[in-house]
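Q: Each chain is listed here by its residues.
There are 2 protein chains.
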Amino acid sequence: MTTKLSFTLFLTLIVLLLPSSPEARRLPFLSKPSHPQNNIVSDNYTYQIRYFQQTLDHFSFHHLPTFPQRYLINTDHWLGPSPMAPIFLYCGNEGDIEWFALNTGFVWELAPLFGAMVIFPEHRYYGESMPYGSRDEAYKNASTLAYLTAEQALADYAVLITDLKRNLSAEACPVVLFGGSYGGMLAAWMRVKYPHIAIGALASSAPILQFDDIVPLDTFYNIVSNDFRRESTSCFDTIKKSWDVITSVGRKANGLDRLAKTFHLCGKLKSSDDLFNWLESAYSYLAMVDYPYPSEFLMPLPAYPIKEVCKKIDESAEGTNVLDRIFNGVSVYYNYTGQADCFDLDDDPHGMSGWDWQACTEMVMPMSSNKNSSMFPEWDYNYTSYAVDCWNEFGVIPRPTWITTEFGGHDYKSVFKNFGSNIIFSNGLLDPWSGGGVVENISDSVVALVTKKGAHHLDLRAATADDPDWLVDQRASEVKLIKGWIDNYYTTKKGVFNM
Amino acid sequence: MTTKLSFTLFLTLIVLLLPSSPEARRLPFLSKPSHPQNNIVSDNYTYQIRYFQQTLDHFSFHHLPTFPQRYLINTDHWLGPSPMAPIFLYCGNEGDIEWFALNTGFVWELAPLFGAMVIFPEHRYYGESMPYGSRDEAYKNASTLAYLTAEQALADYAVLITDLKRNLSAEACPVVLFGGSYGGMLAAWMRVKYPHIAIGALASSAPILQFDDIVPLDTFYNIVSNDFRRESTSCFDTIKKSWDVITSVGRKANGLDRLAKTFHLCGKLKSSDDLFNWLESAYSYLAMVDYPYPSEFLMPLPAYPIKEVCKKIDESAEGTNVLDRIFNGVSVYYNYTGQADCFDLDDDPHGMSGWDWQACTEMVMPMSSNKNSSMFPEWDYNYTSYAVDCWNEFGVIPRPTWITTEFGGHDYKSVFKNFGSNIIFSNGLLDPWSGGGVVENISDSVVALVTKKGAHHLDLRAATADDPDWLVDQRASEVKLIKGWIDNYYTTKKGVFNM
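Chains as they are written, first to last, in our numbering: chain H, 282 to 780; chain C, 282 to 780.
Hints are not guaranteed to be accurate.
Copies of the same chain look alike in the list, so a pair counts if it works inside one copy or between any two.
Unchecked claim - 30 Å max Cα-Cα, derived BS3-like pairs, lysine-lysine:
| # | residue 1 | residue 2 |
| --- | --- | --- |
| 1 | K733 | K774 |
| 2 | K592 | K522 |
| 3 | K694 | K446 |
| 4 | K593 | K542 |
| 5 | K694 | K761 |
| 6 | K698 | K775 |
| 7 | K698 | K764 |
| 8 | K533 | K652 |
| 9 | K775 | K551 |
| 10 | K542 | K522 |
| 11 | K774 | K698 |
| 12 | K698 | K761 |
| 13 | K774 | K694 |
| 14 | K774 | K542 |
| 15 | K694 | K764 |
| 16 | K533 | K698 |
Note that these hints are calculated values from the structure, not bench results.
Chain H with its partners taken away, still in its complex shape (with noise of 0.2 Å):
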């Protein structure tokens, strides 16, 4: 206690003296749907737009002003409530609810098979569900961005369905849960910690366990760099060998700009560091969607994208420089379609990003890079730094060990062998966050569904003529498993009515 204590102390003398701070490197979630790429429309995916009066703070009594929470919903394949039909709900994550309902074609697909009802939350303050009325005000502050946490956006969710059902006395039907990335998480936590409320939970390439020490520090990065390695081993090379030649060219004069003009960049470099970050994103990304077929997820990309990527590196004329290569190889990422003239490494320096905000508070995770395993550059977890960080971006001290002390994850396997079911954890190997998360099978109904081949929540996407294989079996593993936990709600239903 005394030490916690002073540390706390400690932490915030070291923020008050030190207003400027090294830039505690932030992980690279998927921040980017708050700003849809593209517009997929779809007529498979049609609903209604609806808005709930919400409650601020589930937690505690503060006279708060509710604030409308979006949510989309289709009951045209629902059976109702007589046969006791399912309502599958999808658990928001950080963004407009929209452009994850769009990438989310597998909840869609299996609503007719189930007779089943839709719903997609939006997590609050993204999107249109604002509290304080408008983005600006909610995101105003520490103080007006305090309620922006995983337990009030679950707490919401709990709200919401339990009125939906009420009012549509569909108190009985079964609720499963999806959920991608933080929203699996979302998801997998939620059926613990709201059994009563939802049967079972898909949670797909949810990192529950990217928290404290659980899992090692360098899991993410040597992910990462595995894809490319396993593309071409001097593809990956030449990508370690770029940071050292970035460096030294940006110390050069005139190098920074020399640099800018090698990438194409529409404004100035200010800093090697800001065009590390542009890079490393780029390579992050293409981890999480490196999908067998064409995508436009994050970004419009070819099938395996870092394969690509790979050939341009590796390819490129003899005699380029590893500078050139490297730019060749991003512009797939960045520059798919050929469109962009030059590029912004930051679109929007000074808006308040909802996911930082949660990466300063409670969703912490740990990350380093291993310079024997990584194609990054090196780089410890440095706790201080990024707390600082947060201090001075927003004004708000990080609680690291919150988010395992409620939700658990160090112990998970002794915890859901003796406690809890029906929860798959999908993950696909490729997909970095797949090193956060669950990828053994735990009991007979707390499964892990594994592919080697898979990227980021690769099962939710809509079914397409080019799925491999393994894709196919996966979704059908899915939608066996979900069916047995429908089934079995239904018979204990009709035993504890017999009692």
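Once you have looked at the hints, place chain C on chain H.
A: This is chain C only, laid out in the frame that chain H set:
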């Protein structure tokens, strides 16, 4: 949704239009413990008193002061971290933790048998565990009281035990939860919400179903009434008759003075209602503490005190009128030692009660009294007048459906059948709170231990030479089940280590 919003608006209007409302009946929970009636001191219960700097709001990120949470700890019998010796944690409820510790002998007696550490953390806003520096500041208004909720209390226990285990390198030591009454609810809920923190819970006399309309609203007062009828029909009849007599006497000239004299009140009687409350409290508490041996839990009392009360009522000299009989009866409760010369109906009319705040926010337990089955005056549950009272007293509007949304209850059999394990719900059927308790086995490891002649969390009290066999048996079953949880935990741990 629209309905909900409008109802809140409607309620707010009512609240504003009706500053003075008829007093809604608040439940007779164990709100007394904040003023211990007596000091039981036992050599068996030695402990250190420690304080933990606790986060005031676990679920949002305001800048709030921490507060010192008091906890009692005894490690005398603990076998330490390397044999993974267990930790017994009593979930402190609405009162001074020392008082609960002294009245929960079972846990102290168990500790040496299991080589266990014992911890009694105090519930926030009770005893010495006061936010904002003092009770006066903590209870100042709705803003300072805002964080007095069950969810925050559970998070306190989770944070405290996690920190304590880390400091002792005891992360692998299994935690078993204990709790009685509201503390039993907390223990059961904690097992469900924090399965990674505790491997099982003994929830004694925990009315987790006394919410919404899960159980019939008249169940509590029916059980109290049956406890009296069971002893003597004429006793039941006399009590049932007495309300009309009080009302009619009270209406006469100097009637209130006559009542005050009959009941030996120290001060003036302002209305018959106050006398009703005083008598109803006595009967309800008598039902709770109808223990098979003399006890001093709430008041010094003889064995099976209801039998004694009824004796006094029935066996008063022939010709004794109804009110004198009633007075003779309740004197067993209020004045068993014979030391009181007169009675104060309300010890502290201006003191805000923590439990009243909880009842006015989330712990809304609807109750009514049915003229056909109850010995009490008839009344219906009226949420509106309940809410108006809460507004007038605390400036807060309750959230009557929140507890079942957060913790479940409506479909608890189906839920526990498929999810969760290692909970004992123990109940004595004399206890009126057993009406809101789980009294049927649900699965192999979510079990109900019910005693016909038990009262309010009798099993948690220290063993006495007067314990009836059924009580000895009940405690033996509890020990066996707890031992099973711990053994199973060790087996699982070994399995996981060997994987």
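Q: Work down the list of hints and note, for each, if the structure agrees.
A: Hints, one by one, checked against the model:
{"no.": "1", "hint": "K733 - K774", "result": "between (38 Å within a copy, 29 Å between copies)"}
{"no.": "2", "hint": "K592 - K522", "result": "within (17 Å within a copy, 94 Å between copies)"}
{"no.": "3", "hint": "K694 - K446", "result": "between (33 Å within a copy, 19 Å between copies)"}
{"no.": "4", "hint": "K593 - K542", "result": "within (19 Å within a copy, 100 Å between copies)"}
{"no.": "5", "hint": "K694 - K761", "result": "both (23 Å within a copy, 25 Å between copies)"}
{"no.": "6", "hint": "K698 - K775", "result": "both (26 Å within a copy, 12 Å between copies)"}
{"no.": "7", "hint": "K698 - K764", "result": "both (22 Å within a copy, 18 Å between copies)"}
{"no.": "8", "hint": "K533 - K652", "result": "within (25 Å within a copy, 93 Å between copies)"}
{"no.": "9", "hint": "K775 - K551", "result": "neither (67 Å within a copy, 55 Å between copies)"}
{"no.": "10", "hint": "K542 - K522", "result": "within (20 Å within a copy, 97 Å between copies)"}
{"no.": "11", "hint": "K774 - K698", "result": "both (24 Å within a copy, 10 Å between copies)"}
{"no.": "12", "hint": "K698 - K761", "result": "both (21 Å within a copy, 21 Å between copies)"}
{"no.": "13", "hint": "K774 - K694", "result": "both (29 Å within a copy, 9 Å between copies)"}
{"no.": "14", "hint": "K774 - K542", "result": "neither (67 Å within a copy, 58 Å between copies)"}
{"no.": "15", "hint": "K694 - K764", "result": "both (24 Å within a copy, 21 Å between copies)"}
{"no.": "16", "hint": "K533 - K698", "result": "neither (58 Å within a copy, 69 Å between copies)"}
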